[in-house]
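Just need the whole structure built from these sequences, with the hints factored in.
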Amino acid sequence: MVALLVAVATLAVALSLPKTFRDFSNDAAQNDALSFVDREIAGGNEVVADQQAVYQARARIPEDDTYHVAVGSDFPGGSDLTVPFVESYYRYFLMPRRPADDAPWIICYGCDLEQYGSGAKVVWESDEGITIARIRR
Amino acid sequence: MTAHALAGLVLLNVLFLVSGAGLLWFLRGWETWVDLARLAGLAYLAGVATVGSAWVLLLILGVPFSLWLVVAVPATVGLIGLIGGRSLGRQRPALGSIGARRGLVVTALGIAAAGLLLEGFFRSARLSGLEAWDAWSFWIPKAKAIYFFGGLDEQFFTTLPGSSYPPLVPVLDAAAFQLMGGVDVVTLHVQFWLVGVGFIWALAGLLSERAPGWMVWPFVLLPLVASRIGERLSIPEADLLLDYFFVLASVLVVLWIVDGARWRLVLATILLCGMVLTKREGLLLGALLLAAALVASARQWRTTWPALGVSAAVVVVVAAPWRIWYVTHDVAGEGPAEGFVQRDNLEWLWPSVRRALDVLWDTGYWNLIVPLAVGALILAALARVAVLVVFFGTLLVFLTLGGIWATWVFSKPWITGELGGNFIIRFMGSVALLCVAATPLLLSAVWRAATADDEREEVRGRVALAAAIVVVPLLAYPLLTLIGGLPRFPTRGECVHVATRDADDLEVVYGRLDDPVAAEELLGKLTRTGFVGNDLAPDNCGRWKVSYDAIATLAEGMALAEAAHKAGFDARVEHER
Numbered sequence: 001m002v003a004l005l006v007a008v009a010t011l012a013v014a015l016s017l018p019k020t021f022r023d024f025s026n027d028a029a030q031n032d033a034l035s036f037v038d039r040e041i042a043g044g045n046e047v048v049a050d051q052q053a054v055y056q057a058r059a060r061i062p063e064d065d066t067y068h069v070a071v072g073s074d075f076p077g078g079s080d081l082t083v084p085f086v087e088s089y090y091r092y093f094l095m096p097r098r099p100a101d102d103a104p105w106i107i108c109y110g111c112d113l114e115q116y117g118s119g120a121k122v123v124w125e126s127d128e129g130i131t132i133a134r135i136r137r
Numbered sequence: 138m139t140a141h142a143l144a145g146l147v148l149l150n151v152l153f154l155v156s157g158a159g160l161l162w163f164l165r166g167w168e169t170w171v172d173l174a175r176l177a178g179l180a181y182l183a184g185v186a187t188v189g190s191a192w193v194l195l196l197i198l199g200v201p202f203s204l205w206l207v208v209a210v211p212a213t214v215g216l217i218g219l220i221g222g223r224s225l226g227r228q229r230p231a232l233g234s235i236g237a238r239r240g241l242v243v244t245a246l247g248i249a250a251a252g253l254l255l256e257g258f259f260r261s262a263r264l265s266g267l268e269a270w271d272a273w274s275f276w277i278p279k280a281k282a283i284y285f286f287g288g289l290d291e292q293f294f295t296t297l298p299g300s301s302y303p304p305l306v307p308v309l310d311a312a313a314f315q316l317m318g319g320v321d322v323v324t325l326h327v328q329f330w331l332v333g334v335g336f337i338w339a340l341a342g343l344l345s346e347r348a349p350g351w352m353v354w355p356f357v358l359l360p361l362v363a364s365r366i367g368e369r370l371s372i373p374e375a376d377l378l379l380d381y382f383f384v385l386a387s388v389l390v391v392l393w394i395v396d397g398a399r400w401r402l403v404l405a406t407i408l409l410c411g412m413v414l415t416k417r418e419g420l421l422l423g424a425l426l427l428a429a430a431l432v433a434s435a436r437q438w439r440t441t442w443p444a445l446g447v448s449a450a451v452v453v454v455v456a457a458p459w460r461i462w463y464v465t466h467d468v469a470g471e472g473p474a475e476g477f478v479q480r481d482n483l484e485w486l487w488p489s490v491r492r493a494l495d496v497l498w499d500t501g502y503w504n505l506i507v508p509l510a511v512g513a514l515i516l517a518a519l520a521r522v523a524v525l526v527v528f529f530g531t532l533l534v535f536l537t538l539g540g541i542w543a544t545w546v547f548s549k550p551w552i553t554g555e556l557g558g559n560f561i562i563r564f565m566g567s568v569a570l571l572c573v574a575a576t577p578l579l580l581s582a583v584w585r586a587a588t589a590d591d592e593r594e595e596v597r598g599r600v601a602l603a604a605a606i607v608v609v610p611l612l613a614y615p616l617l618t619l620i621g622g623l624p625r626f627p628t629r630g631e632c633v634h635v636a637t638r639d640a641d642d643l644e645v646v647y648g649r650l651d652d653p654v655a656a657e658e659l660l661g662k663l664t665r666t667g668f669v670g671n672d673l674a675p676d677n678c679g680r681w682k683v684s685y686d687a688i689a690t691l692a693e694g695m696a697l698a699e700a701a702h703k704a705g706f707d708a709r710v711e712h713e714r
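Chains as they are written, first to last, in the numbering used here: chain E, 1 to 137; chain P, 138 to 714.
Just so you know, the hints here were simulated from the structure itself, not pulled from any lab data.
In silico contact screen, one side only, chain E against chain P (beta carbon under 7 Å); selected entries:
1. Asn31
2. Val37
3. Arg39
4. Tyr55
Covered by chain P, per the in silico footprint, the following chain E stretches (three or more residues, Cβ under 8 Å):
5. 5–13
6. 56–69
These numbers were taken from a predicted model, which means no experiment stands behind them. Idealized CB from N, CA, C, for every residue including glycine.
Next comes the structure, spelled out in structure tokens:
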């Protein structure tokens, strides 16, 4: 019986090996074929709606400054994951920049920029309805 | 993604190995270098647990996390091990011999197969983007916070999801960032792959003390081909690291009960400390492990229970500071929000039982690991292999009950088997890996009881054959892969394709800039100088490219670039692809 259980385990490994090798060869090929941007954004590709938005935010907001991600609940772009999770993704991607409610930088996903008053100056906007604004207080 | 980052990771992991090897020299000594090689994986993971726990405790005390700390802690642990070992009169290891037994060839086959699989996992890990949800949602942000701000930054550590989760994994990530020279979340996958390699090595090394190679290797290989384990080997999350610590601690504890070697319990205690600082489930797993040990060692309770009590006390002392930190920072606790016993939700209890057992028996997740372990347990029970059966049987029952309870109070059973929504799939990973370790131990005990297996017969020429079996495929696979081209280290420069021949995708590129404002300024300056019709657009590498693409031939592009040079601009003819 001992030998039988070991034989079953050996057989299970042997039968699974080809698929396992095939799977990680495919994974390696897919990872290798990714563009630099797709690889860098990775999990955020389903979330951020526009890759340029995160790069624009990272390039324009100084590392020691703060930002706020404002998301309109009816933001039409992106995926189902965008509205609930885009703020989380920016928090990961933009560190060491800190999120803050009263931040001078607004990353706006279909939000109402007027609520920030006339001091909000749009520095970048995309066709997807994403805007980066700087607030002068 | 750079060779420098990979070299930094190698250094970090050598530090873990050296510190763990020093520690084991202190605890048990190294009789031979062969002995050290066999247990190198265990030494490495002991180093990860010891050094990681020390980093966590120092961070909680407010010591800034710096490159100096990253290097000093493992060096100190290793040094303490060496000095402690010397003071105990430990001898330098002798060379030792791997022998030329019949089982050597089987062991060589096992090492070769595991090595090939791990090489394959390395290929896919090296260029992985950070796809795992929890990784970018909170594990890596916590690591970045430690790296950028030098400690447990209050803003991030109190507001990120999973705020009460202990920070051992983020600390390990932050240490990797320090030695990689930056936040390289792509290469970080290799760190987790290395920990996986360490675990496979540690498990095989420990099991081979008690079981012959033909019993050990099929079960050591099984998790690598089980989808829920093998495919997640390099994901930068805490689940598998917790499982590794738990499984090795379990094996060490049961072997300590069997042979009384005290170093095993000390090492298990170190791994238990790592567990309670890795994930909140570590508290539950640790408690269940110690409870199973109490049951299995009840016959020798006068000697074993006090030792287990000391072990538990040490773990509590190590676990406490993190819990004090988050309580004093107003972070919600690790327990279920609606209480540990939810009498109002008793109707969810039976569905929770179903859910837990369904997951445990799902061969799609764990291949045949669990049914084979149950078979081994029954065989061992019939053969009256008392301690091993009682320990593993009790622990598996406790773990299953723990998984049912956790599903009942945390996840709610109506939530489907989706990983993100249901705690039980992650939790049962520890059960499956425990089964991997338990089965060869149980089977070998049955085998020893039934046969007088003598593997000591020396067979001439076996060492050379075994060496060839290991070395040839492990070298051949990467060499065959390299025939397709040298390894790539992608950088932002990969978007630059300098033109050397005529093509229909030529363009003159005036610059690729990280700053879009600077790119706009360059565009304006070009226009004012008379170079009109240019585009400003993002390239595929996260930079902004200023270019002119109305180029018919390479010669035309070269002429334009030459004119731009004379006007003081950088310019180059490239392919647009």
